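One-letter residues, chain by chain:
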Amino acid sequence: MLEQMFTVAFLTTFLTSSVRMAVPLIFAGLGETFSEKAGILNIGVEAIMLSGAFFSFAATYVTGNLWLGLIGGMIGGMMVSLIHAVFSICLRKDQTVTGIALNMFILGATSFMFKILVNNNPDFPQISTFHKIAIPMLCDIPVIGPAFFNQDIIVYASYVLIILSTLFLYGTTWGLSLTAVGEHPRAADTVGIKVYTIRYLAAMINGVLGGLGGAYLTLVQLGVFMENVTSGRGYIALAVVIFGRRHPIGVFLAALLFGAADAFQFRLQAIGIQLPSQYLTMLPYVVTLVVLLFSAKGSSDPQSLGKPYIGDAR
Amino acid sequence: MIKNHAKIKNNMLNILVIISIVLIVATLLVMAANKSPIKAYQAFLFGIFGTLNGFVEIFVKSTPLIFAGLGIAVAFKSGFFNIGAEGQLYMGAIGAAATSIFLTGVPGPLRLILSIIVAFVFGGLWALIPGILKVKFNISEIITTIMFNYIAINITALVVRGVLKEPGEYLPQSPMIEKAARLPELLPPTRLHAGFLIALLMVFFMWFIMHKTTIGYELHVVGLNKNAAKCTGISVMKNIIISAFLSGGLAGLAGMGEVLGIQFRLLDGISGGNGYTAILVALLGFNHPIGVLVSAIGFAALQVGSNTMQRQLGIPASIILIILGLVVLLILAKDMFFKERKITINTVKEGGE
Amino acid sequence: MAFLKMEGVSKFFPGVIANKNVSLEVDQGEILALLGENGAGKTTLMNILYGLYSADEGEIYINDKKVFFSSPRKAIKAGIGMVHQHFMLVQTLTVLQNIILGLKPKGYPFIDYKKITNQIKLLSNKYGLAIDVYKRISELSVGEQQRVEILKSLYREAKLLIFDEPTAVLTPQETDEFFDILQKLKEEGHAIIIITHRMSEIMQVSDRVTILRDGKNVVSLKTNETNPHELSLYMIGRELKDDTTKNDVKTKGELLLSIKNVTLKEKSETKLNHINLNIHRGEIIGIAGVDGNGQNELANIIAGIRKCDDGEIVFSGESINKRTVLERFNRGIAYVPDDRHKDGLVMDLDVSHNLMMRSYKKEPFSKHLVLNRQSIIKMADNAIKTYSIKTPNTTTDVKLLSGGNQQKVILARELYENPELIVVSQPTRGLDIGATENVRMLLSEMRNSNKSVLLISADLEEVLILSDQIAVMFGGQIVGIMNNDENLDMQKLGALMGGHLDQPSDVQEQGILMGSHLKEVSKQG
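Chains as they are written, first to last, in the numbering used here: chain A, 704 to 1017; chain B, 3 to 355; chain C, 23 to 547.
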């Protein structure tokens, strides 16, 4: 059994599918990172991803164009996060309750719309997916090459996004403003930063990225949409954000870990090993909890996470 | 706890507006599905009132929602944001199944009672850990309870493939629980079982606890104002822990009902999201035990009715999730429609501060 | 030509006049001290100037040009910088990042760390504000954080700097350093306003003083033409009448509560510093002092809400250090917190449920955990009658009651079990005259029935009216205890409250003097 696992072929396919499994989590996790850094805890990532997955599928299904599908996914995600933003920023409602209600609402809405969309068509609604593009040189590195550098364009986009987000959050004044809004909105206000605007923008970024994460599921991984296609990945993205300590690179690594846990069970089944995969699926959650426990004192939570800001407090 | 006529009148108005919006949306959805709204409503009503089986099914479906909804309501009342009813439900299911499968020597009815207790304790402990993490380490229960959901789901998957697996069978499921240790059927051939009666009992019990005892009083105070609780000597820590345990225990009973009353065995995915639905049920019931009962039955009726719509007319049953989500969002958004009569408190802010 | 001129500024909040026709001016190279008690309207005035509030009446001129600031951003643009009492710094960001927050520095949107570091270095050298710009705020001491705030304003090219209680959180040493910085700022031609109620500071650093009282201008003086005693009289203002209800009983009852050498620390800050205080039966001890000098912490450690780090609290001959809030209440210690809404009441519960908060576990209100609603309502009805609480009925939410009636609910609750000692904090804050009278009567009655009262109030008049003895708190210490009789030295009292512990001979030695003075006064008391 062990010999089987430590072959190059096994490791390569394992790592390759880990990356593919991780991509939706990378996007959604990054989006939620922006949102949480600005002080909005959006439990509705699941809804964002699901909406992204549906609208990307619908757009591609109707137009036959994958790129329009991607755009559809981004818009689908953004609509959901904007609803959440209106409730939590404008109406100052409980962000968790809003998120849960949205999860339920979007689960119903996407299932409903999907049925209506494909009912006219008796064929199994399959769409073509993005193709792999090998990056010369890099893809020849053993194991890592095929896993990271023989993937589709969206995977590469996620790498670029990680770098850009890191640069944005830690290298620009915009990133500073975002952090300030999540940590100490009043301080941000007193130096003339527009707290509400920034929170809305962060929510939109969350929607676009979460929508992309969902789109990846339908446009690349599956080629189809089905009811509840995200099946809890949005909640996993929340864990990814915490595990990754709200740093883009941390989010990337955490998503890879969760992706690897997912991929490993498929690999094991593929080579016929009957080891209960649940130990592995469960592991990232347990690790996240342990991380939470040990970082409880030096918590990375933004000080005003989940708290509405009232501009004229007095 | 407090009666206020203007408030009730205002609420009634809100509810009427929300119901009309929901009816309009539902009609539009049915039309979007290219079906006749009239036929749809006929099918809907037929599903609910047309057959005894359909009507009774409402109470079957409402049972786990009542249990878990009561649990969430008590947690929310005391300021413990328990999103983990789903996981607690699974743990309760495991507890109930394990007890009735392992204690074959114990006579049926006694085993049943033990199963119920163990289910409560399993669910309760599963919520207690996030509770302790909250009060001792200040870790947000929102995230931990979600993590605990997934861990519980995986544990369930593990036990139905491991210790509780039916010997000699391929499917991941526990052996059948023998009839004597099940919840008694109430109205054969319908699926109605004694779990519903226990749920009703729990509604009364929780109403009594929350509104007639010092325990409920303390939970209310802690949920409404932790500072005032501290200043008058009511322990915030103790009460959060009590509410977490009660909350998880009740959700655990929901799992027990599914195992001992419906499936008669432990299965993968035995909850099917009831733990999440129950959050909305609790919110719609204003976290009041009676409210939870009403909204759980209401939601179950919606479920039964729309299932019939799907069977008869092919209208997707997911319509009820849309409606449930919509109702909660509308309740949250009601400030946009109604300017609530602002009650000015006579607070005099001193100039200097 | 003054740099800044405010003329006839008024600001009204619902039910309160925060500022009425206030005028002040300050020139470049000048330090103006804005003096007044809590609630005199200083902070409101400065918030108007900084664009956080808009004035209801009056004008603001900068360099004789009329201006109007609708937001802090506009005020900053006009060269106004404010160092808030609670620093507006983001703890997780570095010094440099905080300084450029909200600006578009060179290289925008990227941050040219090198260049900005050099710019800040220039500033910090010029003003003697040494700081490591790459440190996170959370790693800095309070004094250092204040420097960051100053640099933040200077980096925005502020001409006028406003300091709100700048020394309240500083150690004596940090205070000295801060004064040096102020001097530098002044020399460089900045206009400075410092809000304070500490005499020593005013005498030491300011050029002129403007005194506010009850939201109005009292007087503006040149610092070198006045003295702390005159200032404190202007600040306190009232003709301190001798006809206040002095206690005729002069024989003290037996010792009830004894606080021995109690210290309380919060994080690294010392909130209470070796407090010693005795309270006897039949007396009211008033704690005078400006808000935030440890009064609340003192109340909390007596009520048991916080546990002291060092020292002992003895009540009726028993050490109660380890007793919980409830155990202390059952032994006869009641507590009326200063913030009714936050700590005193549950606003969303009704009158009866608020009245029962202390006693619900006892018969007849509950038995075997089951509440007896009837007896609770009966108790509530009685309380409403006894304390003449104005409420439609016992099931009205307390949030619908007026402030005075809310306070009566708390008092009724705390007095229900006939406590031996009641600790009251700001008992009449925000109440109208009638309600104030009522509350004061209740406290006097407590004393007259051989019980004890610890009265914490920022309202000096109240302390003078009610107390038998007055203890003054400053910087977490009791800096003086005196008898409230005809020999009471008002000027000394005012000086103590302002942290001015001795004659204004040498303020530099203040830190050392404080200790010796403490011993002296406690002997006296």
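Incorrect hints may appear among the rest.
Ranges of calculated distance between the beta carbons of each label pair, as one might list FRET restraints [as the list claims (entries may be wrong)]:
id, chain 1, residue 1, chain 2, residue 2, range
1, A, K1010, B, K11, 53 to 59 Å
2, B, M14, C, N394, 54 to 60 Å
3, A, L714, B, F57, 27 to 33 Å
4, A, Y859, C, S92, 44 to 50 Å
5, A, Q924, B, G271, 18 to 24 Å
6, A, V789, B, L202, 51 to 57 Å
7, A, S998, B, G164, 31 to 37 Å
8, A, L714, C, N140, 34 to 40 Å
9, B, L202, A, L867, 54 to 60 Å
10, B, G52, A, T766, 50 to 56 Å
11, A, L867, B, G52, 54 to 60 Å
12, A, I819, B, E171, 16 to 22 Å
13, C, V164, B, L202, 23 to 29 Å
14, B, L202, A, Y859, 55 to 61 Å
Okay, derived cross-link-like pairs now, DSSO-like style, lysine-lysine, Cα gap no bigger than 30 Å in a straight line [unchecked claim]:
id, chain 1, residue 1, chain 2, residue 2
15, C, K344, C, K329
16, C, K407, B, K214
17, C, K344, B, K138
18, C, K412, B, K232
19, B, K138, C, K87
20, A, K1010, C, K400
21, C, K329, C, K407
22, C, K238, C, K289
23, B, K232, C, K364
24, C, K157, C, K87
Heads up, incomplete: computed chain B residues facing chain C, CB under 7 Å, no partners named [what the hints assert, rightly or not]:
id, residue
25, S22
26, P169
27, N229
28, A230
29, K232
30, C233
Keep in mind that the hints were calculated from the coordinates and are not lab data.
Since the model is a prediction, treat every value here as computed from it, not as a measurement.
All residues carry an ideal CB built from backbone N, CA and C; glycine is no exception.
Lying within 51 to 57 Å: is that true of the beta-carbon distance V789 (chain A) to L202 (chain B)? 39 Å, violated
Return holds or violated for the Cβ distance of L202 (chain B) and L867 (chain A) against the range 54 to 60 Å. With Cβ atoms ~57 Å apart, the hint holds.
So the hint says 34 to 40 Å: do the beta-carbon atoms of L714 (chain A) and N140 (chain C) match that? 50 Å, violated
Using the C-beta atoms of Q924 (chain A) and G271 (chain B), is the stated range 18 to 24 Å upheld? The hint (18 to 24 Å, Cβ to Cβ) holds, given that Q924 (chain A) and G271 (chain B) are roughly 21 Å apart.
Starting from K157 (chain C), check that the Cα of K87 (chain C) is at most 30 Å away, please. Given pair K157 (chain C), K87 (chain C) is violated - Cα atoms ~40 Å apart, limit 30 Å.
Need the status of pair K238 (chain C), K289 (chain C): alpha-carbon distance at most 30 Å? 38 Å, violated
Keeping to a limit of 30 Å between CA atoms, is the pair of K407 (chain C) and K214 (chain B) held or broken? 25 Å, holds
So the hint says 54 to 60 Å: do the beta-carbon atoms of L867 (chain A) and G52 (chain B) match that? Hint holds: Cβ distance 59 Å, inside 54 to 60 Å.
Have a go at the C233 (chain B) hint: is there a Cβ in chain C nearer than 7 Å to its own Cβ? 5 Å, holds
Could you tell me whether the CB distance from Y859 (chain A) to S92 (chain C) stays inside 44 to 50 Å? Holds, at about 47 Å.
Hinted pair, alpha-carbon criterion (30 Å max): K412 (chain C), K232 (chain B). Please report holds or violated. 27 Å, holds
Would you mind confirming whether the straight-line C-alpha gap from K344 (chain C) to K138 (chain B) stays at or under 30 Å? 20 Å, holds
The earlier numbered hints that this structure contradicts are 1, 2, 3, 6, 8, 10, 12, 13, 19, 20, 21, 22, 24, 25, 26.
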